[in-house]
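*Asks:* Here the sequence shown is numbered in the numbering used here, starting from 68 and rising by one per residue.
Hints may contain errors.
[Unchecked claim] Capping the alpha-carbon separation at 20 angstroms, the derived lysine to any residue pairs in SDA-like fashion look like this:
#1 K203 x R76
#2 K115 x N99
#3 K114 x Y94
#4 K115 x D79
#5 K115 x E98
#6 K203 x E237
#7 K115 x P152
#8 K115 x T150
#9 K222 x I95
#10 K115 x Y101
[Stated by the list, open to error] Using C-beta positions, here's what the derived DEER-type ranges look like:
#11 A184 x D75: 16 to 22 angstroms
#12 K190 x G88: 17 to 23 angstroms
#13 P192 x T224: 30 to 36 angstroms
If you're looking for bench data, these hints aren't it; they were derived computationally from the structure.
Even glycine gets a Cβ: it sits at the ideal position worked out from N, Cα and C.
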Amino acid sequence: QQEEDTVDRFIDLISSEFVSGRAHLEYIHPENMYDGDEHPERWGYRKKTVTSLVKIQGAIQSASKGQAAKESPAGESLETEETTPRIVYEPQGIRIGWRDGGSIYLDPNNSLAAAQAHADRLKQPLLISSPTALGKRLAERGLLHISQGDRNRTKITIHGERRSVFHISEWSIDEHATLAASATEQGL
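Take these sequences, add in the hints, and give me the full structure.
*Replies:* Encoded structure:
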């Protein structure tokens, strides 16, 4: 029972770190965060609207709302400036892992450090003291995709660098992240 509570608590703590802006999961394929089914806010990102200025050279069009046209003496538009608002997502806090589709790759050291820091802020220490112990608990709960004996980490190449990570499914964290986001929105 205590092992289950410790794992649940770890997941709750990192989920809270995501929604509080203290940690994030980096998207291995950043273009995926703009798919309609994605919710980057759950994984430590903040939505931001930015306006970019686009200059169109040699355009012949009249100025309208959102555009400022420079005209030649003959009345032809030489250059048009258009402002276009767009949504971007900015990562918040430290990176504690990566995300690719339904897979999450947690950095054992950074994810544990983030959970411990949050637990310390709550003045309720986390009862897992090492990444090895955390991997063992995650494996015992059946949350790791691959665990071979004492090896609870998966080797994966991310952006050209070989990394040793905890490979878990999104669903393992998603429910906790959704609950933490709801609590934050409600001011709890």
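*Asks:* So, against the hints stated earlier in the document, which numbers end up violated here?
*Replies:* 4
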